[in-house]
Amino acid sequence: MTPNQTAVPLRIVPLGFLGTRRSLRVVERNVFVYRSGWIILVSGFFEPLFYLLSIGLGLNHLVGPLDVEGTKVAYTAFVAPSLLATSAMNGALFDATYNMFFKLKISKVYDTMLATPLDPTDVALGELTWSVVRGGLYATAFFLVMAVMGFVTSWWSLLLLPAALLMAAAFGAVGMAVTTFMRSWQDFDLVGLALIPMFLFSATFYPVTVYPGWLQAVVKLTPLYQGVVLARGMALGHLHPVLLLSVAYLAAMAIVGAIITGRRVRQLLLS
Amino acid sequence: MVAQGLEKRFGDFTAVAGIDFSISRGESFGFLGPNGAGKTSTMRMVACMSPHTGGQLSVLGMDPRTSGSTIRSRIGLVPQQDSLDDELTVEDNLYLYGRYFDLPKRLIRERAVRLLEFAQLTERAKDKVEPLSGGMKRRLTIARSLISEPELLILDEPTTGLDPQARHLLWDRLYRLKSQGVTLVITTHYMDEAEQLCDRLVVMDKGRIVAEGSPRALIEQHSTREVVELRFGLDQQHQGATAIADLAERIEVLPDRVLLYVHDGDAAVAEVHRRGLLPESSLVRRSTLEDVFLRLTGRSLVD
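Here the protein sequences line up with chains D and X, keeping their order.
Here this note's numbering is used: the first residue of the first sequence is 252, the next is one more, and so on.
Here this note's numbering is used: the first residue of the second sequence is 6, the next is one more, and so on.
This is chain X alone, in the form it adopts within the complex:
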């Protein structure tokens, strides 16, 4: 998949302002960014559901404008909203989706058995979709997208709104797909998700790509090894920050805490104490993509 200067406008509004990326077969590629960064618009263009208004796009070596249907027959899409067919049962949702791909009935029935198992929904096969939990619906949506055995799976915010347990189960399923050689394209505003699932990712903000690389490379390039999070009392935030600014390569003052970007976190905390400052709490952690995003855009990922 290759995009050059890819652009999406809705009237006066520019959702995607000319982005370049290329994704190879078997890769697991992420689009990380806050809500409104243009991730979903990009996914819809890549999934051939929304025509691009500028630039070039090629998916599986074809042009979405002319070969949309053919491309879609080889990709699976997990949209942000589940959009399951509430009027049908779990099983029939899989079945009909397979029919939309023009698959023979017997083949769909065979695959559905395996996919229900994969999604841990075998016992709910005959139930209507509507009363299922959020996690179950999400897993069913993923199972549904796999009925055509796609070469490329596009997941838009796969775990948004799920509890931690449901998220980990989903990650495990996606990891299995990845090891089976399925190309994954994932959008997320969770940095841990991007770190877990993506070989390579781009950071998007306001319709543009602001950085690109593997999670590790991005962290190395744009952040330090460790981060010290200090909480001072409400009024002492700025005072505290000024007193220790020289300890870190970089310092971020957030509304509720001060972040020190350092090589050795424990040493930095010791030095803070030695200077007689008494933060209410201090925490040493490794740098994450959240820090990269903060560095690149001056804002946090989740508002």
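So here's chain D without its partners, still in its complex pose:
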């Protein structure tokens, strides 16, 4: 091993002491760019919101309340937390996928950053932080809408926010890691192809128990399912130790994603 390679593991662990501060500059750049393009930022929040409104106004009356662990829950209240989780996921993915690809391959924003004291770890960590911020913003806005609509009934519901941040970190990190392997815009079609069924079938709109046993097992493996379960548990105040598994799953995703991203960004930018 050359000295360079041995230094890598120390640098990619997202606990970098100096790196954390410097990576905030990357976040600052995103804030700057979105200051003039805030409408783009806002627009991303509406998709899950429209789902919620459509369900609240229409489907809710047709479906009627569901039985969740012995309590009757209005259908909208059942769906709302999964849409909050989705909204955190979307928020994180926007910048972690398309925008990161643009900056890596086309606008060369990162090359510019690397001519300054910033290094690839700062870039990766900064972009991840921004993804979490954006996911968190969407989730918070969604949470406020839920509160206005009367779906926030207990203080426990506030735990939705840290859960959303964890979701954003997990999806942001893995999204970035995948993006570093993308060769062209066409490759992103595959991302869409994975995300849409995940959104529709991860027990987002109905309990996982509607599936046969083997399919339940498959669905439970998807990260969105884990996020949805966690969010629903927080929103309805059903806190079980088993939710810790979801936390661990998402945390592992965030860490592995961040490590791969750090390594790949270094490879791509420091040639």
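No lab work stands behind these hints, which were simulated from the structure alone.
The C-beta atom is built at its ideal place from N, Cα and C for all residues, glycine as well.
Hints may contain errors.
Claimed, not checked - Heads up, simulated BS3-like pairs for lysine-lysine below, C-alpha to C-alpha not over 30 Å straight-line:
| id | chain 1 | residue 1 | chain 2 | residue 2 |
| --- | --- | --- | --- | --- |
| 1 | D | 356 | X | 211 |
| 2 | X | 133 | D | 356 |
| 3 | X | 211 | D | 359 |
| 4 | X | 131 | D | 359 |
| 5 | X | 133 | X | 110 |
| 6 | D | 323 | D | 471 |
| 7 | X | 183 | X | 110 |
| 8 | X | 133 | D | 359 |
| 9 | X | 131 | D | 356 |
| 10 | X | 110 | X | 131 |
| 11 | X | 110 | D | 359 |
As the list claims (entries may be wrong) - Listed next, the stretches of chain X that the computed footprint assigns to chain D, with coverage defined by at least 3 CB atoms under 8 Å from CB atoms of chain D:
| id | region |
| --- | --- |
| 12 | 53-67 |
| 13 | 72-78 |
| 14 | 85-98 |
| 15 | 104-112 |
Said to hold, decoys possible - Some but not every residue of chain X turned toward chain D, in silico, with C-beta under 8 Å:
| id | residue |
| --- | --- |
| 16 | 15 |
| 17 | 82 |
| 18 | 101 |
Place chain X on chain D using the hints.
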């Protein structure tokens, strides 16, 4: 800055094949060579943006492998491609770049005012970067690299693609920096640029350094005082060349002209005419770095 046996390989390809140089503080140092000579790879290594794969390199007395970030905080880089942030305004480009250096906001704002003036871009401060002309973008890139008041400024092909007027304006700005004591490291494939800006330079070809010295010393060492350029008709090129070969210390036959390396150009032209040869045109000029390069590599700088 000191490099010994500095080397850069990409897989099987060797971009820089072991070069030695040393640059002192306040000096203006050039890397002259054609495209593909390894200049940009060298610049990226020196700017701590690309790890070297062999040899030794020390920049500002530090090792780029371990102190890259610290070194970069004290140098400015003007890359070959402007790579400005198109999503932002002129002003914000300077501002954010300053933030990457962790400079306080007020300090950046103060410096930005001065730098915009220096780059003659004050009136465009609030404009987006994208519609600016090539010369303006180049000046903004240089202004941006100065936001941290670097001790060492690295410029990779600073005037490639600019019109003559824009080039002269840039040279003037660089000359001012030089007189303020900023160390300049410049790559170029324009010999006039190297002559204008560099105290000392190395000539690079195929990843190696083939000569080193001040522009004047290189010319004295590798060329004659004057050069006569003769154009014969297409077919008579070689014939003409053979007939006058004894007039010059050295003779180069290029596809479109014959170069005679002589001490006294006018005397040589007179002698050519006396021998009854009638070139279509003749020109007497002083030797340049282009001639040095031709001598050293057998090729011209700009293909």
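- Within 30 Å, alpha carbon to alpha carbon, are residue 110 of chain X and residue 131 of chain X? holds (17 Å)
- Do at least three Cβ atoms from the region 85-98 of chain X come closer than 8 Å to Cβ atoms of chain D? The restraint on the region 85-98 of chain X holds, since 8 of its residues have a Cβ under 8 Å from chain D and three suffice.
- Message: Just to be careful, I want the Cα atoms of residue 110 of chain X and residue 359 of chain D compared with a cutoff of 30 Å; is the pair within it?
- Response: Distance of about 24 Å is within 30 Å: holds.
- Task: Mind checking the alpha carbons of residue 323 of chain D and residue 471 of chain D for me, to see if they're no more than 30 Å apart?
- Result: Roughly 23 Å between the alpha carbons, so the hint for residue 323 of chain D and residue 471 of chain D holds.
- Assess, step by step, whether the Cα of residue 211 of chain X is no farther than 30 Å from the Cα of residue 359 of chain D, and give holds or violated. The hint holds at about 27 Å.
- Message: Just to be careful: measuring from the Cβ of residue 101 of chain X to every Cβ in chain D, is the smallest value less than 8 Å?
- Response: With a minimum Cβ separation of about 5 Å from chain D (threshold 8 Å), the hint on residue 101 of chain X holds.
- Query: Going straight from one Cα to the other, do residue 133 of chain X and residue 356 of chain D come out at no more than 30 Å?
  - Reply: holds (21 Å)
- Message: Under 8 Å between beta-carbons, do enough residues of the region 53-67 of chain X, three at least, approach chain D for the coverage claim to hold?
- Response: holds (count 3)
- Item | Given hint residue 110 of chain X paired with residue 183 of chain X - CA-CA distance at most 30 Å | Holds, because 27 Å separates the two Cα atoms, which is no more than 30 Å.
- Given the proposed pairing of residue 356 of chain D with residue 211 of chain X, does the C-alpha separation stay at or below 30 Å? Between residue 356 of chain D and residue 211 of chain X the Cα gap is close to 28 Å, so the pair holds against 30 Å.
- For the region 104-112 of chain X, do three or more residues have a beta carbon lying closer than 8 Å to a beta carbon of chain D? holds (count 4)
- Message: So if I understand the rule, the pair passes when the alpha-carbon distance is 30 Å or less; does residue 133 of chain X with residue 359 of chain D pass?
- Response: holds (17 Å)
When the structure is compared with the earlier hints, no violation turns up for any of them.
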